[in-house]
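Colleague: Take the two lone chains and join them into the complex the hints point to.
Chains as they are written, first to last, in the working numbering: chain A, 1 to 405; chain B, 406 to 658.
If a hint is listed, it holds; no wrong ones were tucked in.
Below, in silico cross-link-like pairs of lysine to aspartate or glutamate (DMTMM-like), each with a Cα-Cα straight-line distance of 20 Å or less:
1. B:K463 <-> A:D360
2. B:K463 <-> A:E361
3. A:K163 <-> A:E186
4. B:K463 <-> A:D317
5. B:K463 <-> A:E349
6. B:K572 <-> B:D530
7. B:K463 <-> A:D348
8. B:K599 <-> B:D530
9. A:K163 <-> A:D244
10. B:K463 <-> A:D347
11. A:K379 <-> B:E546
Here are a few chain B residues that sit away from chain A, every Cβ distance over 12 Å (derived from the structure):
12. D413
13. K425
14. R429
15. E439
16. G448
17. L479
18. K529
19. A534
20. S554
21. G582
22. D584
23. D586
Honestly, the hints are just simulated from the structure, not real lab data.
If you're wondering where the values come from, they're calculated on a predicted model, not measured in any experiment.
Built from N, CA and C at the ideal position, the CB exists for glycine as well.
Listed below, chain by chain, are the residues.
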Amino acid sequence: MTLLTDKPTTHVDPQSTVGAAPEESRAARLTSFEVSDFPVPNGREEEWRFTPVDRLGGVFADEADDIRGDDTNGIDHPADYDVSGVLDLMGPSLAPGQAPRGTVLVPGDRGAVVASAHTPEALYLTLEAEKEYAEPLRVNVHGNGAGRLSSAHYVVEAGHHSKGLLILDHTGSADHRGNLEVIVGEGADLTVVTLQRWEDDAVHLGQHDAQVGRDATYKHISVSLGGSIVRVNSNVRYDGPGGDATLLGVYFADAGQHLEHRSFVDHNTPHTQSLVTYKGALQGDGAHTVWVGDVLIRKEAEGIDTYELNRNLVLTDGARADSIPNLEIETGEIAGAGHASSTGRFDDEQLFYLMSRGIDETNARRLVVRGFFADIIAKIGVPEVVDTLMAAIEEELATDMAATA
Amino acid sequence: MTTLEIRDLHVTVETDTEEKVILRGVDLTINSGETHAIMGPNGSGKSTLAYAVAGHPKYTVTSGTITLDGEDVLAMGVDERAQAGLFLAMQYPVEVPGVTVSNFLRTAKTSIDGEAPKLRTWVKDMKGAMEALRMDASFAERNVNEGFSGGEKKRHEILQMELLQPKIAVLDETDSGLDVDALKVVAEGVNRVKENTGLGVMLITHYTRILRYINPDHVHVFVNGRVAESGGPELADRLENEGYDRYLQAAAV
Ligand SMILES: Nc1ncnc2c1ncn2[C@@H]1O[C@H](COP(=O)(O)OP(=O)(O)O)[C@@H](O)[C@H]1O
Ligand SMILES: [Mg+2]
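One chain only, chain B, in its complex shape (with noise of 0.2 Å):
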């Protein structure tokens, strides 16, 4: 059982003239097992705390905590977050040219784990976490998310979560730009990764679309850099029908 915790954080990102404020005191605990969906308006800071999370150098904590069992996460270096278990698929995954899928998963998982995985279990792992992703095996030969289209980087992003294994799992907007069928497949690997390692999950989106087919266990209204209102299922139903608002009045008072 793993618990993160993140106790009134603040962040503010350093743009060409300021130091910006954008997270004003979130608080949020996950445990494993459970699903969290954070829903907010575009620019409430949604991505912002998923980047705090794992540490993005842009963004800087100026007061509040988070912690992964305790242990103090805002001391640890990006690499070494994920190596304790973290994991962000992000909302834009980045290429890197040159660089082959195959070779990009072995040298994370390798990271990861601190010793390389043993080839055979390694090779069957991919090709079946892949054909679960509906990912063709020729995917694993292609640059790391080069030339990928939307779909195929979230997919992707979703694939590396199957093979590390982390403990907790931020998703950041991963269902945004898919299609039915994607979404679908994407939801699919998480439920899967969930059921078969008991992962936490913090689900930032922008719709309720995903949470369809991901059943969240605690939704949290997130408005203006915090939590503006949580609940379990249903507040996701009142935000379907009613948007975000009466929560942006809210805040702009």
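Next comes chain A alone, as it looks inside the complex (with noise of 0.2 Å):
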């Protein structure tokens, strides 16, 4: 396929692939840690109208892990966890009930609640108050087989004045649910990236959960590439004024592939800050992207200030991207508060005019999709992230340029 032939350049309004905003108030969502409180969505809910549910059976089921093998041969797990950089940071694991557990997160749908309940013993990590920790943490998840059902809690707490990055990859397969409950003390500045570099056929559902604390910073970067079904929810709430949440998301959606992220920054405290900016590029045949960022400024959160951006750049016919912004604002006393959102098909006019300074198409291709990602590339400010990033767009790029060839 030659872009330059294509159709001329459009812009798909995400509006008008839409109904209307939901009528309920985000505060309403249900949250509950029993199982029965969440039947299997059909996909006709509201928070999964845009999600191939139909293909997911596997992973609401309310059953445990799909662990294999005995003591004498060996036991094989789903996935396996590989927790070397984080040893020092350990605590013992924490039951369904045991705190901080279930402090931040109570589950807010059926994969969070078949998560929690059939994780006996949550991974919990402390960082140490007033530490920097100048190496990033990792916690490294391989899934060992489609179709394995595994379950995952983390618990992370950062304590007062703490520094530090936590990587969380996802790689190899398998139905995975895994939660992942922050709580960022005061004055701490935590930094958490969850990769999905998952094989082609993993479905992963995730739910984060972060409160953060007075005058802490809190980042969260979700980066999605590969999964045949992927949707990570990225949840804030404060405990204090002067808190700063970031939620950043990149991801490349391939034919066949949903990659869905929501973000919900409850701001239920005054004087507090919010920056949410997800950016993704889409190619193949049903390719599907879906960003949903809910904001809700309550009424006693004054003088707080947020703003939310989704851009979506489409790179061939058959690819699909929706995006939905909801501002909720119950007080007038706010700094701040803005959205933005927009989905545009590659730019043939922009691929013409750096051809016609003598670069070649897929050079030219290549500027321009690296181009889109710059500023959020220069956002999540992790040089080991960001190449890994850059090496997955190049990667990406290179396929559909062999494909289309």
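Modeller: This is the structure we're talking about:
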């Protein structure tokens, strides 16, 4: 395929493809530890209407993990966890209901509730107060087979004025449901990166909830590249004024891939800040991405500042990006609140301009796509994540070029 | 010595409803060192001619030929035409978000030359060319055409021309929207490249103003998709006084 012969640039207005905003306040959404409170979704529910739930049967199951083998031949888990990078931070694992587990994250949907119910022992990491961790803290999750049910729950507590970077790296394949519960203490500065680098047949549902303390800084970066269906929800609320949350996401969806990101910033505290930025590219038939960004500014949350943005770049026909910002404002006393969302096709005029300067099509496309991601990559600011991401983008583009050459 | 030869060129553009005929038999020969002013009213097809030479995919050549030193330009891709030595300074340069001017220029230079320029000379050349065009050094780190003023866009086009060193350049209304000071800077740039490299120029313009700073060897009046009359610089003076009315009436008959 040659892009130059494609249809002219079109702009897909995301608002035209969706119905009205949900009539119910985001605050009223059910949360519960009871599996029976969340029936298996049928796809008509507001929060599941974009997700191919018919392909999610396995991961919704109210069943324990698919553990095989025995003591003599060795136990074969659905996923292996490499925690060698965080041994110093590990405390005794937490059972359901054992604080701080459950103090920040209460499941908000079927995936999260079964993850919680079937994780008897949650990994518990503590960053020591006032300590700065110079090296990234890593947890590597490797799925051991497509369709194998896997559950996880992690609790991360950053002590007051601590500083660190946690990278959660997902590879291999599984039917994985994972919860992440984050407590950012007063004045702490924590960055959590979740990399979805699954094989093509993996399924991953994730609920990541954080509570941002007084004057604390929290950054959640979601990078979704692999997997058949990936849906990561990143939620934030505050525990004191001065809290600052940045939620970033980058995704690249191929043919048949469904990558969904939802974020919810609950401005429940005055003088807090949030910045939500997600950017994604899509290529190939049936590539589908979803971003739903909810922000709630409660009545008491005076003087807050929030901005959320989503941009999608559709590289080929047959791909679809849904993009929905929801801003609910209950007080007029705010410093700032805004959102922007757009989905655009690859711009043939840009390609012509670059090629008219002698740059061949492959390199011209590369420049445009890299340029599209440049600002969010600058925001990520974690060198090794940026390198991984750039390499993955190069690989995606090379795959596309080979497929269309 | 290079020759761009356009013979009996017919071009259509695809609109939502039809294949619209725009160029109706254009003949034009431009040699190295020559400057040809193409003057005509809005909508006469000047930009279409420029795009057809550069190979914009929206425009279809239905008959006629374009050759560069005998090589069939129409058989070349857009990038190959630039590599062969053609350059188009666009009337409406395109924004490329996230791509810095410096990255863009280096990539373009590498593509045209077939090898990366030597870092030290390149940095020096770029700095020199930017200074000559009165462009601030910070310009190099801005994204291509993003948030540029009209004048900055045009200077940036000429900057590319200086650095890429084409054989024949088509300048599509590079003078439009420039104040006198900017116009002088841009014209100086064009003259400098002409002098240094023997560039051949197709100078498309709506106004005679720029011809005070760039002296044309030939002037062609472009009306209704073809050259209606050709002459020397004196033809520009006549257009200055009489406008295009005479030609438009003739074309309407
Ligand atoms: N991409 C296009 N789509 C539709 N019509 C076009 C397009 N480009 C040019 N035209 C039409 O062709 C004619 C000539 O346009 P153009 O070449 O831009 O003229 P000029 O540069 O002399 O003002 C005009 O009537 C214009 O509307
Ligand atoms: Mg024009």
